[in-house]
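Peer 1: Sequence:
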Amino acid sequence: MKYIVAVSGGVDSVVLLDMLATAGDAELIVAHFDHGIREDSALDAAFVKGLAHRYGLPFEMKREELGASASEATARERRYVFLRSLAAKYDARIMTAHHLDDLVETVAINATRGTGWRGLAVFDGQVVRPLIAHQKDELITYA
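Take this note's numbering: the final residue in the sequence shown is number 143, and no numbers are missing along the way.
Don't read these hints as lab results, they were simulated from the structure.
Quick reminder that beta carbons are idealized off the backbone N, C-alpha and C, glycines included.
Be careful, since some hints might not be right.
Unchecked claim - Label pairs and their calculated CB-CB ranges:
1. Ala70 to Leu43: 32 to 42 angstroms
2. Arg84 to Ile37: 19 to 29 angstroms
3. Gly67 to Met1: 30 to 40 angstroms
4. Asp91 to Asp40: 31 to 41 angstroms
5. Arg63 to Thr141: 24 to 34 angstroms
As the list claims (entries may be wrong) - With a cut-off of at most 27 angstroms between alpha-carbon atoms, the simulated BS3-like pairs for lysine-lysine come out as follows:
6. Lys89 to Lys62
7. Lys49 to Lys89
8. Lys136 to Lys2
9. Lys2 to Lys89
10. Lys62 to Lys49
11. Lys2 to Lys62
12. Lys49 to Lys136
13. Lys136 to Lys89
Start from the sequences, fold in the hints, and give me the full structure.
Peer 2: Take a look at the structure:
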């Protein structure tokens with residue numbers, strides 16, 4: 001199976017990439033989306049490109065200039081447009097480093113906003129999230 005692995009350069013996605021690359025049982029394409037929100041975001045892109053090279057994996061990147069005032073929702077939407085385009089290009093599934101703390105946080109935020117049950121079903125099944133049962137501190141320990 002082929003996977004588009006979304007790697008931001010943060011500890012969560014770097015741990016995911018290391019786990020997958022060292023396991024070596026899937027075809028991986030490293031994907032990085034630079035939102036253009038932070039001035040130094042190009043450093044993240046260079047770091048992720050270096051990781052892909054170190055693991056001998058293909059690297060795909062896209063940069064957009066969303067600007068410092070861009071909302072998280074806009075950034076997420078644009079990132080997933082990019083990831084879905086790669087999934088179609090490579091006939092692959094998308095894999096992200098979302099973990100248990102992310103799930104709990106998203107449910108809590110949606111619940112305080114007064115969402116219905118659909119808002120509590122926070123992650124769709126089209127994206128593979130192999131770290132969802134793990135807490136952030138476990139990922140930090142691994143790193």
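Peer 1: Each of the hints needs a verdict: does it hold here or not?
Peer 2: Taking the hints in turn, this is what the structure says about them:
1. Range check, Ala70 to Leu43: Cβ separation about 19 angstroms, and the 32 to 42 angstroms hint is violated.
2. In this structure the hint that Arg84 and Ile37 lie 19 to 29 angstroms apart at CB holds, the actual value being about 20 angstroms.
3. At roughly 36 angstroms, the beta-carbon separation of Gly67 and Met1 lies within the given 30 to 40 angstroms, and the hint holds.
4. At about 34 angstroms, the CB distance of Asp91 to Asp40 agrees with the hint of 31 to 41 angstroms.
5. Restraint check, Arg63 to Thr141: a C-beta distance of roughly 32 angstroms satisfies the suggested window 24 to 34 angstroms.
6. In summary, the hint linking Lys89 to Lys62 is supported, as the alpha carbons are separated by about 14 angstroms, within the 27 angstroms threshold.
7. Note on Lys49 and Lys89: the hinted pairing holds, with a Cα-Cα distance of about 19 angstroms set against a maximum of 27 angstroms.
8. Between the alpha carbons of Lys136 and Lys2 the distance comes to roughly 26 angstroms, so the proposed pair stays at or under 27 angstroms and holds.
9. For the suggested pair Lys2 and Lys89, the alpha carbons sit about 11 angstroms apart, so the restraint of at most 27 angstroms is met.
10. For the suggested pair Lys62 and Lys49, the alpha carbons sit about 12 angstroms apart, so the restraint of at most 27 angstroms is met.
11. With a C-alpha separation of about 20 angstroms, the suggested pairing of Lys2 with Lys62 holds against the 27 angstroms cut-off.
12. The suggested pairing of Lys49 with Lys136 holds, with an alpha-carbon distance near 24 angstroms, which does not exceed 27 angstroms.
13. Proposed proximity of Lys136 and Lys89 is contradicted: the alpha carbons are some 31 angstroms apart, above 27 angstroms.
The structure does not agree with the numbered hints 1 and 13 stated previously, though it agrees with the rest.
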